[in-house]
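Chemist: Construct all of the structure, not just a fragment, from the sequences and the given hints.
As a plain string of letters, each chain reads:
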Amino acid sequence: MAAADAHPDELHAFLKMRSFGDAWLAYTYLDRAFLQKKLFMYRVGVDPADTYANWAQLIKEHRVEWERERVPELMRLRDYFSFMQFAQQERVIVVVCGANPAAGRWIGQPRIACYGGALPIPSRETAPNDGLLAADPDDARLIELLRSYDPTVSYESYVELLRAHGLKVRPANEGYVVEDEAGRLLHEPYRLHGVYDAESNETAWTSKQGERLRASLNRHLGGDLVQFGPQDNWALRNDQRIAGPFFGPQTPVLVFDRDQGIGERLSPRKLAQLEPYRFQWDDLYPDSPIAKKGSGT
Amino acid sequence: MMSAERRAPLKRDDQQALIEQHRATRALYDAAMDEHAGQLSIPIEIGIDSTSTAFVDTEAYRRARAALTTMASLEEEYFRRLPRMALSCCPLCEKPLYRAFDPFGVDGLWWRSDAQPDEPPSCPHFCVLLGAVDLTACRSKPDFDVHPGPGVPHVVPRLLQHPGMVAVVSQLAMEDGAKAYPLAYFAPRRPPVQELTASWARTNFVYTTQLGVHAWRRADEPPLGKSPDVWDFALERWLADDKLRWCEPGSDSSRLSAADPASCPFVGLTGVSRPQTVVATSR
Numbered sequence: 001m002a003a004a005d006a007h008p009d010e011l012h013a014f015l016k017m018r019s020f021g022d023a024w025l026a027y028t029y030l031d032r033a034f035l036q037k038k039l040f041m042y043r044v045g046v047d048p049a050d051t052y053a054n055w056a057q058l059i060k061e062h063r064v065e066w067e068r069e070r071v072p073e074l075m076r077l078r079d080y081f082s083f084m085q086f087a088q089q090e091r092v093i094v095v096v097c098g099a100n101p102a103a104g105r106w107i108g109q110p111r112i113a114c115y116g117g118a119l120p121i122p123s124r125e126t127a128p129n130d131g132l133l134a135a136d137p138d139d140a141r142l143i144e145l146l147r148s149y150d151p152t153v154s155y156e157s158y159v160e161l162l163r164a165h166g167l168k169v170r171p172a173n174e175g176y177v178v179e180d181e182a183g184r185l186l187h188e189p190y191r192l193h194g195v196y197d198a199e200s201n202e203t204a205w206t207s208k209q210g211e212r213l214r215a216s217l218n219r220h221l222g223g224d225l226v227q228f229g230p231q232d233n234w235a236l237r238n239d240q241r242i243a244g245p246f247f248g249p250q251t252p253v254l255v256f257d258r259d260q261g262i263g264e265r266l267s268p269r270k271l272a273q274l275e276p277y278r279f280q281w282d283d284l285y286p287d288s289p290i291a292k293k294g295s296g297t
Numbered sequence: 298m299m300s301a302e303r304r305a306p307l308k309r310d311d312q313q314a315l316i317e318q319h320r321a322t323r324a325l326y327d328a329a330m331d332e333h334a335g336q337l338s339i340p341i342e343i344g345i346d347s348t349s350t351a352f353v354d355t356e357a358y359r360r361a362r363a364a365l366t367t368m369a370s371l372e373e374e375y376f377r378r379l380p381r382m383a384l385s386c387c388p389l390c391e392k393p394l395y396r397a398f399d400p401f402g403v404d405g406l407w408w409r410s411d412a413q414p415d416e417p418p419s420c421p422h423f424c425v426l427l428g429a430v431d432l433t434a435c436r437s438k439p440d441f442d443v444h445p446g447p448g449v450p451h452v453v454p455r456l457l458q459h460p461g462m463v464a465v466v467s468q469l470a471m472e473d474g475a476k477a478y479p480l481a482y483f484a485p486r487r488p489p490v491q492e493l494t495a496s497w498a499r500t501n502f503v504y505t506t507q508l509g510v511h512a513w514r515r516a517d518e519p520p521l522g523k524s525p526d527v528w529d530f531a532l533e534r535w536l537a538d539d540k541l542r543w544c545e546p547g548s549d550s551s552r553l554s555a556a557d558p559a560s561c562p563f564v565g566l567t568g569v570s571r572p573q574t575v576v577a578t579s580r
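Heads up: the sequence lines are chains H and V, in that order.
Numbering of the first sequence is given in the working numbering, commencing with residue 1 and proceeding in unit increments.
Numbering of the second sequence is given in the working numbering, commencing with residue 298 and proceeding in unit increments.
What the hints contain is simulated information worked out from the structure, not anything from laboratory work.
A quick note: this is a predicted structure, and the numbers were derived from the prediction, not measured.
C-beta atoms are modelled at their ideal positions from N, C-alpha and C, and glycine is treated no differently.
Reference listing, derived: stretches of chain V covered by chain H, where coverage requires no fewer than 3 residues with Cβ under 8 angstroms from a Cβ of chain H:
hint, segment
1, 408 to 416
2, 494 to 508
3, 517 to 531
Modeler: Take a look at the structure:
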């Protein structure tokens, strides 16, 4: 709404409607969304026009930064409940990579499947077929993805690689969507970043518990939307040749704690400050700039 | 108290009844979660119980929570009652290998990629159970994608390179018409766990090393620094080198065949030699 220059009073009304009568939720949201620190407030006795004029300034102040930030989301609203339930029931902290909300409408539809393969394939953000996996040669994300391999991969080689994995790219008028051997179109899975015991901050993804947790989370989600273990435990996460775009930390992420809290970490630097990571970041991601320089993004 | 029927090992009818109940409950859960989310518009905070100020209690959400509990208990019952059957026999100590297994059909939850049933103890030589399934006559229509391996027996040469490692192939007629080929690997000393691979029908290999590192790889990813695994369907060489043994088809797979390798019934079988997927049925 703000990106489309909505007036602050419209924003306020929108947030009030969704804050369950808790005004602070709206102010906290505004502070976080527009990168301010406890500056959004609504003073009784002050002309509302002045308050909103002040808010407009606050929104404008960091516009370049907040417009650039990729805010992590889940594919469906109901999935927030599922992750929350899972975190509470299993007593864990769950860190999950942001996903494409446009994919939500495809989940569980006939002739559509959740992709469980190893290849990185962007999820379309624009029509036609937004929310489905697609290998659009003009998609900047795909171009960047192919460059992330060492050595870089050409589009033709990428399509060939997809074919070798039983995947076919449909023509341009279908948005270059990818289909599997059974002719099903694909949406992305959820990518877990880390799952940690809420008491000990140790990884919960052990040989005894890992797959049990995956089955439990898929049950909460009502489908097999988690196909693999967390990035933090993936044995090949620090091998750029194999991992390609999945090399190293994968922000932005959402964080679910066992007490129904949801937070976000938009950069590796912020993620490294999260409790379970604080003392093991260098072990998990030794090639991360944060480990080497003590700062970074 | 649990009834005797709900404790007894599963039979095909029980398995089908549990799957049907699970399917219906999952449909209920799905519908109720959609309905609950649909009633909330776009909240900026959400809660899942009354300890959160953001909690919105809806009738649909109560239904969803009840269905979730039922699903979990159906899964628990299925895995608890799953047969533990002899699938192979150790060539080093001749002890049968008992594993949880669903011999009724690939629509059973054992065939899910994330299944992790409790297993009976194995001999110290057992390393990993792989497998193949001939789906030609299979009648099952699972609710989830199944990854049963190729259609005919094979070996993974990388695993057989480990000192003393021997693979044992057996055969099992499944009740849904499929023909399963368990392929168990045994060694005098188990290799480091990270050198092994994902078990039969699983897509993830989750392991904990001796140094306490908890990690996972995809089933088709090799250990760090190694080439991707290949499947070798030409079994003669491995039989001649005593790297492959077998249990006679039609037997209960608890004893190794003593027949001459040249008479191995698993040589020369024709079928699908690449990874198969039994695609989930849309309902």
